[in-house]
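Colleague: All chains, full assembly: derive it from the sequences and hints.
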Amino acid sequence: AQSVAQPEDQVNVAEGNPLTVKCTYSVSGNPYLFWYVQYPNRGLQFLLKYITGDNLVKGSYGFEAEFNKSQTSFHLKKPSALVSDSALYFCAVRDWASNTGKLIFGQGTTLQVKP
Amino acid sequence: DTAVSQTPKYLVTQMGNDKSIKCEQNLGHDTMYWYKQDSKKFLKIMFSYNNKELIINETVPNRFSPKSPDKAHLNLHINSLELGDSAVYFCASSQEGRGDTQYFGPGTRLTVL
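So the sequences go chain by chain: A and B. Position one of the first sequence corresponds to residue 1 (the working numbering), numbered consecutively onward. Position one of the second sequence corresponds to residue 1 (the working numbering), numbered consecutively onward.
FYI, nobody ran anything at the bench for these hints, they're computed from the structure. Treat the numbers as computed from the prediction; the structure is a model and nothing was measured. Mixed in with the good hints there might be a few duds.
Mimicking DMTMM-like on lysine to aspartate or glutamate, the simulated pairs with C-alpha atoms at most 20 Å apart in a straight line are [said to hold, decoys possible]:
{"no.": "1", "chain 1": "A", "residue 1": "K49", "chain 2": "A", "residue 2": "E64"}
{"no.": "2", "chain 1": "B", "residue 1": "K41", "chain 2": "A", "residue 2": "D9"}
{"no.": "3", "chain 1": "A", "residue 1": "K49", "chain 2": "B", "residue 2": "D100"}
Reference listing, derived: stretches of chain B covered by chain A, where coverage requires no fewer than 3 residues with Cβ under 8 Å from a Cβ of chain A [stated by the list, open to error]:
{"no.": "4", "region": "36 to 43"}
{"no.": "5", "region": "101 to 107"}
If you only want the chain B side, here are some residues facing chain A, beta carbon under 10 Å, derived [as the list claims (entries may be wrong)]:
{"no.": "6", "residue": "V4"}
{"no.": "7", "residue": "Q6"}
{"no.": "8", "residue": "T31"}
{"no.": "9", "residue": "Y33"}
{"no.": "10", "residue": "S48"}
{"no.": "11", "residue": "I55"}
{"no.": "12", "residue": "I56"}
{"no.": "13", "residue": "E58"}
{"no.": "14", "residue": "F90"}
{"no.": "15", "residue": "C91"}
{"no.": "16", "residue": "A92"}
{"no.": "17", "residue": "S94"}
{"no.": "18", "residue": "E96"}
Ideal placement from N, C-alpha and C gives every residue a C-beta, glycine not left out.
Modeller: Take a look at the structure:
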């Protein structure tokens, strides 16, 4: 079965420090991986995706993610965190095993950036 | 110029009532989805329509019935509401294709009393 795991419920970072939000996946076939961010009382906003090509993917708001096939990981990173980055982050994988393309989400990681 | 919109944003109702949530997208996408986010923020697919045809129907009580009058609209009707239906419901859309991104609406917070 296709699955996504975000091992940390919460990540705390000081403003200006680098941040990493972890994601591991399990899929059959090629993974199509996504990161979304959810600000309080808002919908999900697309940050970036990996489909194929360069393992380092750049996205919105200065975020990037590194696809690592051997470790089946797709960690989200940012070199210098901002207080405004505080939000709930979701990793997701497109489930093509079911031939429907639905997104399977991780449980979410709350990022807290402190001034 | 909202891409994916939902109405209403908040819905408070009594157990046993019937209610509908509407979703519209102006992105020209051919596929639309309904997701449910529970109190622990966990997101799960409920339904998906492609060109008005139902393609995903997860294990959802048959009190939930999606309707797609055209490919820009996907509505969710819920009969005989129960306390456990309280959640945030998100609509999303994408252009069918393996790498295509799903874009989400702002959500509808349903509270059943």
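Colleague: Hint by hint, note whether the structure agrees.
Modeller: How the hints compare with the structure:
1. Taking the CA atoms of K49/A and E64/A, the gap is about 9 Å. The hint holds against a cut of 20 Å.
2. Of the supplied pair hints, the one linking K41/B and D9/A holds, its CA atoms being roughly 11 Å apart against a limit of 20 Å.
3. For a cut-off of 20 Å, the pair hint linking K49/A to D100/B stands: about 9 Å separates their Cα positions.
4. Counting residues of the region 36 to 43 of chain B whose beta-carbon sits less than 8 Å from any beta-carbon of chain A gives 4, enough to reach three: the coverage restraint holds.
5. With 7 residues carrying a beta carbon less than 8 Å from a beta carbon of chain A, the region 101 to 107 of chain B meets the three-residue requirement, and the given coverage holds.
6. Residue-level restraint check for V4/B holds (minimum Cβ-Cβ distance to chain A is 8 Å; threshold 10 Å).
7. The criterion of a C-beta within 10 Å of any C-beta in chain A is met by Q6/B, whose closest approach is roughly 8 Å, and the hint holds.
8. This hint holds: T31/B has a C-beta 8 Å from the nearest C-beta of chain A, less than the 10 Å allowed.
9. About 7 Å separates the beta-carbon of Y33/B from the nearest beta-carbon of chain A, less than 10 Å, and the hint is met.
10. About 6 Å separates the beta-carbon of S48/B from the nearest beta-carbon of chain A, less than 10 Å, and the hint is met.
11. Interface hint status for I55/B: upheld, as the beta-carbon distance to the closest one in chain A is roughly 6 Å, under 10 Å.
12. The beta carbon of I56/B comes within 5 Å of a beta carbon in chain A, closer than 10 Å, and the hint placing it at the interface holds.
13. The restraint placing E58/B at the interface with chain A holds, with a minimum CB-CB distance near 8 Å, inside the 10 Å limit.
14. Against a cut-off of 10 Å between C-beta atoms, the interface hint on F90/B holds, since the closest Cβ of chain A lies about 6 Å away.
15. For C91/B, the suggested interface contact is upheld, since its CB lies about 9 Å from the closest CB of chain A, less than 10 Å.
16. For A92/B, the interface hint holds, the least distance from its beta-carbon to any beta-carbon of chain A being 8 Å, beneath 10 Å.
17. Because the beta carbon of S94/B sits about 8 Å from the nearest beta carbon in chain A, less than 10 Å, this interface hint is met.
18. The restraint placing E96/B at the interface with chain A holds, with a minimum CB-CB distance near 7 Å, inside the 10 Å limit.
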